[in-house]
Amino acid sequence: MPEVEFQGKKFNVDEDGFIDDYTNWSEEWVQFVKQEEGISELNDEHKKVIDVLREYYEKNGIAPMVRVLSKVTGFKLKHIYELFPSGPGKGACKMAGLPKPTGCV
Amino acid sequence: MAEPALKKENKRIFDEGLDGGTKKLTPERIEMVIRDVLDNETGARLKVYVDTCVHCGLCSEACHFYLSNDNDPSFSPAGKVKQTLWEMLKKRGKVSPEFIYRASEIASTECNLCRRCSMYCPFGIDIAYLMLVVRRICHKLGVVPQYIQSTANSHAATLNQMWVKEDEWIDSLMWQEEEAQDEIPSLRIPLEKEGADVIYSVIGPEPKFRAQLIYQAAVIMNEAGIDWTMPATPGWDNSDMCMYTGDNEMMGRLKKAHFETAMRLKAKRIVMGECGHAYRSVYDTGNRWLTWKTPPIPVIHAIEFYYELFKEGKIKITEKFDSPVTLHDPCNIVRGRGLHEMARYVVNETCEKFIEMVPNREHNFCCSAGGGVINCGPPFKTKRVEGNKVKAEQLFAAKAKGAKTVIAPCHNCHGGLEDIIHHYGLDMELKFLGDIIYECMEKNG
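As given, the protein sequences belong to chains R and G, one line each in that order.
Reminder that position 49 of the first sequence reads as 49 in full-length UniProt numbering, one-by-one numbering, no gaps.
Reminder that position 202 of the second sequence reads as 202 in full-length UniProt numbering, one-by-one numbering, no gaps.
Treat the hints with caution; some may be incorrect.
As the list claims (entries may be wrong) - Calculated cross-link-like contacts (lysine to any residue; reagent style SDA-like; alpha-carbon spacing at most 20 Å): (1) R:K78 to G:P185; (2) G:K311 to G:A224; (3) G:K431 to R:P85; (4) R:K71 to G:I170; (5) R:K78 to G:K311; (6) G:K431 to R:E82.
Because the hints were derived from the structure by calculation, they are not lab data.
Only chain R is shown next, with the shape it has when bound in the complex:
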């Protein structure tokens, strides 16, 4: 598994750039993915999405439907894509430290 280093922290990632284990997630990882995804500035809305994803994943062992993400955060679908241009399944899950979702994605 390739290793990446960012702000003095080391992370193991898979070939799609997702972290090896969500318990290894940290603030540095969020900053690293922000840079990887070309997101110019992180705001409270990004954080809200990440919190919801992590909480849901801990409870259910899977990423939520984007519908659930929208319902809990109150953000419309378009806005979720504005926050994470590569989408909830890629950018947002990656930043939240979830594994790459399975399926045609």
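With chain R's structure known, arrange chain G on it following the hints.
Frame of chain R, contents of chain G only:
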């Protein structure tokens, strides 16, 4: 011939599904399963293909994996058969667990079943079929890459590929109806309507993450005045990764649920979204497994549907898409079904400037994601992307002629091309045909 040597450049990749399955194998079980599949599930077709191949190697130059790996013969289509099925046949199933590991890896992650090679074979041997026989054997031996097996498990448990529950499906549709009503107040996504002209079916990732595609389809249906519906029950997902893992029984169950859902609602025909493999599963593979030569209810792909809408003047374009576009021909709907001219008609109706990538139509290079390869997940991503340098070169050439946007009317192609665009620094935009139609169409509500 000895068992295949592991070359340095294509050494075995660790995968939990392959590894865990291989550990449970015994030589007796391998022999029994291989003989069972070869004796009871194959027949003249396999025999003719195996007996006819003259080992000429003309298939090699057709394969993107071969071309992108410096013409390494182990990546040639015949080479892949040699390392897998020929060896199994020759030894009558007496191969090692490690052999099965590599055979599964080759068949599942080094071949996209795109059938480009069949066009260059002087005898038209369907090498994709041969690789599917290998996958079938590996499925029965429980040696399948973890990510795609997980997707197949979701199919088995939920009848969709992304673990979407029934209430979540309905909720997602109602949510997108509500969001679309902000734009078009009269818009509806009719659920469970009996006797509609069209039942619209999609793939799991659409409700799960890409719900905007359902929104856009609803806007197109609404504007074109189509009498349509979507089902509120399982059977809405037309995708089928079980077709690609070799789980034919489950493939049949999925297709049956899909067709029966449409029949329960007495729909006149099924219109599918822009997905390639799902199309293969309903008009070619899954229907035949269920003993139907053609689907029991008419099914058309989104491209055919859009073509009709424009031909009949049901959709009007206010202003054509002005960024120059090129079109990627997906294997399952072009080599598999010949929809390339219809796709071009729709592109010309909606886009200002269309630049062909070369080669094109049925000669187009594969995206390297299809055939379930992208679904095998992160362990095989680098091999998949680096194994398709020729696609990057093909896109660079289209870009040099001015193309800025790539249209790919297939979900798997989308995923694969996105990775190629990113990896090779192509800096091109990627769209579905539906994205472009939605963006440029007249919306009167």
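Each hint tested on the structure:
Under the criterion of a C-alpha separation no larger than 20 Å, the hint pairing K78 of chain R with P185 of chain G is consistent with the structure, at around 18 Å. Restraint check for K311 of chain G and A224 of chain G: the C-alpha separation of about 12 Å stays at or below 20 Å, so the hint holds. Straight-line distance between C-alpha atoms of K431 of chain G and P85 of chain R comes to about 14 Å, which keeps the hinted pair within the 20 Å bound. The hinted pair formed by K71 of chain R and I170 of chain G meets the criterion: a straight-line CA distance of about 14 Å does not exceed 20 Å.
Note on K78 of chain R and K311 of chain G: the hinted pairing is violated, with a Cα-Cα distance of about 31 Å set against a maximum of 20 Å. Using a Cα cut-off of 20 Å, the hinted pair K431 of chain G and E82 of chain R holds, with the two alpha carbons roughly 17 Å apart.
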